[in-house]
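S.K.: Residue strings, one per chain:
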Amino acid sequence: MSEHSNSAHAKSPLKMYFSIWAALLICTYITYKAAFIELGSFNAAVALGIATLKATLVALFFMHVWHASEKLTKLVVIAALFFLLLLLGLTMTDYATRPWS
Amino acid sequence: MPNPIPQPAMPQPAIAPPVERENYLNAKYGVWSWLLTTDHKRIALLYLLSITFFFFIGGFFALLIRLELLTPAGDLVQADTYNKLFTMHGMVMVFFFLIPSIPAVLGNFLVPMMIGAKDLAFPRINLLSWYLYIIGGVMMLHCMLTGGVDTGWTFYAPFSTNFTNTKIVEAGLAIFVAGFSSILTGLNFVVTIHRMRAPGMTWSRLPLFIWAHYATSIIQLLGTPVVAVTIVLVAAERALHLGIFDPKLGGDPLLFQHLFWFYSHPAVYIMILPSMGVVTEIIACFSRKRIFGYSFVAFSSIAIAVFGFLVWAHHMFVAGMSVYAALVFSLLSYAVAVPSAIKVFNWTATLYKGSIHYDAPMLYAFGFLGLFTIGGLTGLFLSALGINVHVTDTYFVVAHFHYIMVGGAVMGYLGGMHFWWPKISGKLYPEGWARLAALIVFIGFNLTFFPQFLLGYMGMPRRYYDYSHMPEFQILNVLSTAGATVLGVGYLLPMVYFLWSMRYGKPAPDNPWNAAGLEWKTPSPPPTFNFDEEPVVTWEAYNYDELDSPDKGAPHKEEVPVAR
Ligand code: HEM
Ligand SMILES: [Cu+2]
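In order, the protein sequences belong to chains L and D. Per the numbering used here, numbering through the first sequence is continuous, rising by one, with the last residue being 104. Per the numbering used here, numbering through the second sequence is continuous, rising by one, with the last residue being 621.
Be a bit skeptical, because a hint or two may be false.
Chain L is faced by these chain D residues, among others (derived, beta-carbon under 7 Å) [to be verified]: (1) H251; (2) L279; (3) H315; (4) F319; (5) F366; (6) M378; (7) S379; (8) Y381; (9) A382; (10) V385.
For the record, the hints were derived by calculation from the structure and aren't laboratory data. For glycine and all other residues, C-beta sits at the position ideal for the given N, C-alpha and C.
Isolated chain L (complex conformation) (with noise of 0.2 Å):
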């Protein structure tokens, strides 16, 4: 794992850490003005939307899986999002039929 987060490191890891901090700014200022605008339900699914761009920058850069060479990596990342869809989908065949509400 050591060589490859070098050569990543080695491209001015200080840039691309200052972009993608200013990304995650710009993200959360769209955030608090879109929770302004009247969307309805809508609302909610932007802000998740922003989040989840926002979580996937920090996973793929502080985290270095971007830059991931080994395959443990990779098996962690794919196994925690196959898990997380399994609880949200799951946990939607509750809500999604629920014969009253």
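Since the structure of chain L is provided, determine the placement of chain D with the ligands on it from the hints.
M.R.: Quick look at chain D with the ligands alone, frame taken from chain L:
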């Protein structure tokens, strides 16, 4: 004893060399050499001490619960005190004893040794995990001493978020911190098992103990963050009235249960899978046979870890969830029993025509087999929607999960402690006492918990401190309390003779059971870096046929005295 492991008739060869060789215990002395150690074996012992401490605390609460239920009237403690007692009992036993028990003690000690590594992949993270556990534990103690919690270990909203005025946030934080210790242990095991296997130690040669810990680690890594987030949400809802679980603010109280059980059902497999790993090792050794269906046992561990995540809503059938979803979860709960059954059948097939030895570890393994099977089968009763409606929230559920968690997980833990004690301490424990203790535990356990199945079936609700409207429940409750006393004696005994053996026990040979596995090919107790030279593995796991074959020079016949 029908057929003991062949042992030398002549006087035993000198066991202890005149000078004690350097090992992980005597390599360094002093408190700091322990508190700052990065040796996985020493960290395992730190964990052993700390979880034993919490086991006593949890046991003390259990004793008070059982004493209260001795009589139908609520006369020993008050209602809110009783609520706190069962809550603190559950929280301590689940989060501070059972979840760390086998992985953090036996797993920490054995995972590197079994795969032929010098240590875990991240020794300092391993130490950090113990400190996190201790910080969480101290927070928990503080919480208990300043009032405790009364929601039950499950923290159900909206009681936990809107109503109770006990120390929810503090207990939640304690569990949050301890959860990270669990995540770090899992992380360490995954990386260690992937990266640090000795040459020749292929995946298909790994002891099944390792497979079980690998599966456990998957659950720890993927499940624990969810419960951590859930706890944060409860705290946030309490402090900021966010409206996540409160319907008045647009939340949904069942969401809490979904999130909580997404972790907490798999968490029951964090407790039982390592125990299954222990039992697999013991059964192979004391039937002197290769495990029947190695790859089925290995992959059923992974299957349990994955399927375990698909069944959580079986804890919510009567909570008001969608009936259609209930149907799905009921079916999936039936499916999760399949990999467990695969294991039970394979263990039984291993015993078949084995040359079985009834040493103490094996007695615990037998106990595990029977009690886990009862626990698992009653789980199927509970997964059936029709039965569940009747017995949910009764003592039937209490009996079910104690058969699994105490009858299964704790039996395995004790069996493992006996099996590897000679390796850990370098001393032999007194075999006669150990068999007696195993018997007492088994009898005490059944006397405590079997009556609870009947009580639940008759309709006694769980978490009630007063059953004076149903005095006919008393006789079974008296039996249960009496059993708990016996069980308590059974647990104290090993504590006493393990301590005794550290001073007075006979020195243990390297391989007292003539067992297969790399951990037995190094001195007892092992040197700090486990192996004097890196082992190279050229044999399959559980090669008992080779170990016992007379033409192979029968190494065990002249090698070492047998512990008994
Ligand atoms: C063999 C497969 C298993 C099945 C099908 C199963 C099924 C169930 C079901 C349906 C319930 C809910 C009862 C209710 O509240 O209405 C339950 C409760 C419980 N089970 Fe299992 N179980 C299984 C294995 C296990 C294992 C291996 C453990 C622990 C190591 C375990 C621990 C528990 C606990 C702790 C509860 C009670 C939770 C609570 O209400 O506080 N179960 N089980
Ligand atoms: Cu469950």
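S.K.: Give a verdict on every hint.
M.R.: Structure-based check of all given hints:
1. H251: holds (6 Å)
2. L279: This interface hint holds because 5 Å falls under the 7 Å limit.
3. H315: Status holds, d = 5 Å.
4. F319: holds (5 Å)
5. F366: holds (6 Å)
6. M378: Cβ of D/M378 sits 5 Å from chain L, so the hint holds.
7. S379: holds (4 Å)
8. Y381: holds (4 Å)
9. A382: holds (4 Å)
10. V385: For D/V385, the interface hint holds, since the closest Cβ of chain L sits about 6 Å away, which is under 7 Å.
The structure is consistent with each of the numbered hints, conforming to all of them.
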